[in-house]
Each structure stands twice: as structure tokens, then as C-alpha cells.
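Novice: This is what each chain is made of:
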Amino acid sequence: MSAIAVIEYIIIALMVVSAIFAVEWRDLLAAVVGMAAVSLFASILFFMLQAPDVAMTEAAIGAALSGAVFILAIKRTRRFESEEEEKPGWWVRW
Amino acid sequence: MMKRLLAIGLILVIGYWLANGLAGVPFGEDRMLVGQYYLDNVKQQTGAINAVTAVVVNYRGFDTLGEVTVLFIASTGVGALLWRRKKERTAEVEGSVVLTTGTKLLVPFVILFGSYIFIHGHLTPGGGFPGGATIATAFLLLYMAFTAYEIPHKGFEKTEGVAGMSYVLVGLIGLAIGGYFLFDWIWQTWKIGTVGELLSGGFIPVIYMLIGIKVGTELSGIIDNMIKEGVSE
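Quick mapping for you: the protein sequence lines, in order, are chains A and B. Offset between the first sequence (1-based) and this note's numbering: plus 120. Residue 114 in this note's numbering sits at position 126 of the second sequence; the count goes up by one each step and never skips.
Calculated from the structure, these hints are not laboratory results. Remember, it's a predicted structure, so these values are computed and weren't measured experimentally. It is possible that part of the hints are untrue.
Unchecked claim - The calculated label-pair distances, taken between Cβ atoms and stated as ranges, are:
| id | chain 1 | residue 1 | chain 2 | residue 2 | range |
| --- | --- | --- | --- | --- | --- |
| 1 | A | F200 | B | W5 | 53 to 61 angstroms |
| 2 | A | W145 | B | G149 | 36 to 44 angstroms |
| 3 | A | I127 | B | G143 | 43 to 51 angstroms |
| 4 | A | F200 | B | G218 | 23 to 31 angstroms |
| 5 | B | K142 | A | I127 | 44 to 52 angstroms |
| 6 | A | I191 | B | H141 | 47 to 55 angstroms |
| 7 | B | R48 | A | A133 | 44 to 52 angstroms |
| 8 | B | P96 | A | R199 | 44 to 52 angstroms |
| 9 | B | G23 | A | A133 | 27 to 35 angstroms |
| 10 | B | G184 | A | F141 | 21 to 29 angstroms |
| 11 | B | G149 | A | I130 | 40 to 48 angstroms |
| 12 | B | L87 | A | R199 | 17 to 25 angstroms |
| 13 | B | M(-10) | A | R199 | 24 to 32 angstroms |
The C-beta atom is built at its ideal place from N, Cα and C for all residues, glycine as well.
Sequences and hints are given; from them, build the entire structure.
Specialist: Pasting the structure below:
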């Protein structure tokens, strides 16, 4: 296995991990950070697959602007997922 | 727990089904049908080095017009949803001195680089959309660093509309000269410039300048709409 393939596997693994964290975290600001990390790794992956146009667009839109729009939306609503889900009742949590 | 297990099981089934389908497609082999035509003819037919922007603007220009329309509708929708008679910025904490000074230094460079990206769309990677997004990032930086900053609203909206109309106008001139919408009249009939230099690429740089200005003003407008809050009069 070549070095490039190893780096690609690492980036794909990091991308999957950050995607899982982005949906798992209850703190929505942390979830935005996870989403921006997915965008960053997707951008690196596009670059490694020799698509610089797509990589630039992904970096500009996904990392900067959509993250900013999400954070502005969180600022005007709530930062944490609702408290009801933290209560112990199993019928509420799932 | 049941719901989550069911969802994971369903996703695994869908993933297996997709992977099964994709396993039949070899990766990295030369299987181009239309792609080979683009690579062979792109320089001579469009005058651009960057095959991606040539395809996006020239061969498949109608798709780009559709994308610009989608972005315009998104911007209009945000404006309509968050409409208030009186909107003001409610931020109270000014950015730190390092942030404000850094923003003052950085914003011209960011705007310059965004302009570079969309002006050189036919030569280097990029084009109108990343260039416009970079310019919008500069305005986002200004919004974050200064509590009082607001984009000049009327001017921005008019610029956006004029840029969008000019795109359609360039296409309509092509319709008048060449017989179909978005015909590349600058390259096909006049042959301005030599391939590989800035002054080439037919109408790709012209359209990408318009798209860059449109996307930049549009995304700045979305940020402006989202950052301001309605106040009672």
C-alpha cells in the first residue's frame, strides 16, 4: 500500500468519526464544529482525488459560510438540545 | 434503542446495496465517452485551459444559470422569512483590538484574492462560486469584528440583480448572433486573445465575473439577513 493510500484511509476514517460526532453531540455548537470538520476532510479528499475546483468550492462554502450560517441560527434559537431528552424515561429517549 | 437499531440496520442494508452496485464500476480506468471529447476540443472550441469551468460555463451553461437561480431563490427566501419592518444589529461586544485590526488589514486581501479566483476562472482552478464565497467571507469577517458594520443594502441588492440580468443578457446576445441561448459569441465569432493568456476564454471570464459579483453580494445579503434582529418600533 502506497503512502498516498494510507493518508487517504486516515482522512476517510477521520471524516466518518467527525460525521458521527456531529450527529451525536448534544451541544449544537460542537455539532457545527463536527460538520465543519467533515467539510474540511471532504475538501482535502477532493484535492487528493485531483479535483481542485470542487475542493476550493467545498472549502469556501462548507467550512466558512455554512458554519457561520448555522452558528447565527443557533445564536437566535437554543444552544443545547431540549432537556426532555435528558430525562430517564425510555419512551422519551428513543 | 429499538428505533436506533432499526435505523442502523436499514442504513447497513442500503449501504450494502449501494456498494454492490458501485463494485461493478472500475475506479481509475479510462472509460470516458463524452469526457474525451471535452478534453480533446476544449482549447480549440472555448479558448479555456481549465476544462471544468469550460464545461460548466460553456458546454453546459444552462446548468450554471439554474444554479445561480437556485442561489437567488435561496437568498430571496431567507430575506422573505426573516423580514421585519425595522431590523438592527443587536451585538454589543466589539471584537478585541487584535480582531478589529487584523480584520482591517485582512479584508482587502481577502476581497482581492476572491476577485483573483473569479477573474482567472478559465486558467486556474476556481471560478465564480468559490470566488464569490471568498468575498462573502470578507464581509462576514467585517460583521464579526465590528458591532456597527452593515453592508450598504440598496447598492448590494441592485448589484446582485444587475449581475444576474447581465448573465442572461450575454446569453441572449449569443442567441441573436449564434442561433442558440448562451452561444459563446466572444470566442466563436471574434476569436479574441490567445489560449493560455488572461485575455482569452471567450465569455467564460465575463460570465464568471458576473457570477462572482452576484454570489458575493448574495451570500453577504444572507449573512446580513441572519445577523440582524427585528426590533419593535
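Novice: Look at the Cβ atoms of L87(B) and R199(A) and judge whether their distance stays inside 17 to 25 angstroms.
Specialist: 22 angstroms, holds
Novice: Given the range 21 to 29 angstroms, decide if the beta-carbon distance of G184(B) to F141(A) lies inside it.
Specialist: 45 angstroms, violated
Novice: Could you say whether the range 36 to 44 angstroms given as a hint is met by the Cβ separation of W145(A) and G149(B)?
Specialist: 40 angstroms, holds
Novice: Could you say whether the range 44 to 52 angstroms given as a hint is met by the Cβ separation of K142(B) and I127(A)?
Specialist: Holds: the Cβ-Cβ distance is about 49 angstroms, inside 44 to 52 angstroms.
Novice: Can you let me know if the beta-carbon spacing of G23(B) and A133(A) is within 27 to 35 angstroms?
Specialist: 31 angstroms, holds
Novice: Assuming the hint says 23 to 31 angstroms, is it satisfied by the Cβ distance from F200(A) to G218(B) or not?
Specialist: Check passed, 24 angstroms falls within 23 to 31 angstroms.
Novice: Is 24 to 32 angstroms respected by the C-beta to C-beta distance linking M(-10)(B) and R199(A)?
Specialist: 29 angstroms, holds
Novice: Quick one: are P96(B) and R199(A) within 44 to 52 angstroms, going by C-beta?
Specialist: Given about 34 angstroms between the Cβ atoms, the range is violated.
Novice: Using the beta carbons of F200(A) and W5(B), state whether their distance is inside 53 to 61 angstroms or not.
Specialist: 36 angstroms, violated
Novice: Are I191(A) and H141(B) spaced within 47 to 55 angstroms by their CB atoms?
Specialist: 22 angstroms, violated
Novice: Is 40 to 48 angstroms right for how far apart the beta carbons of G149(B) and I130(A) are?
Specialist: 46 angstroms, holds
Novice: May I ask you to test the hint 44 to 52 angstroms on the CB atoms belonging to R48(B) and A133(A)?
Specialist: Since R48(B) and A133(A) have Cβ atoms about 35 angstroms apart, the given range 44 to 52 angstroms is violated.
Violated hints for the displayed structure, listed by number in ascending order: 1, 6, 7, 8 and 10.
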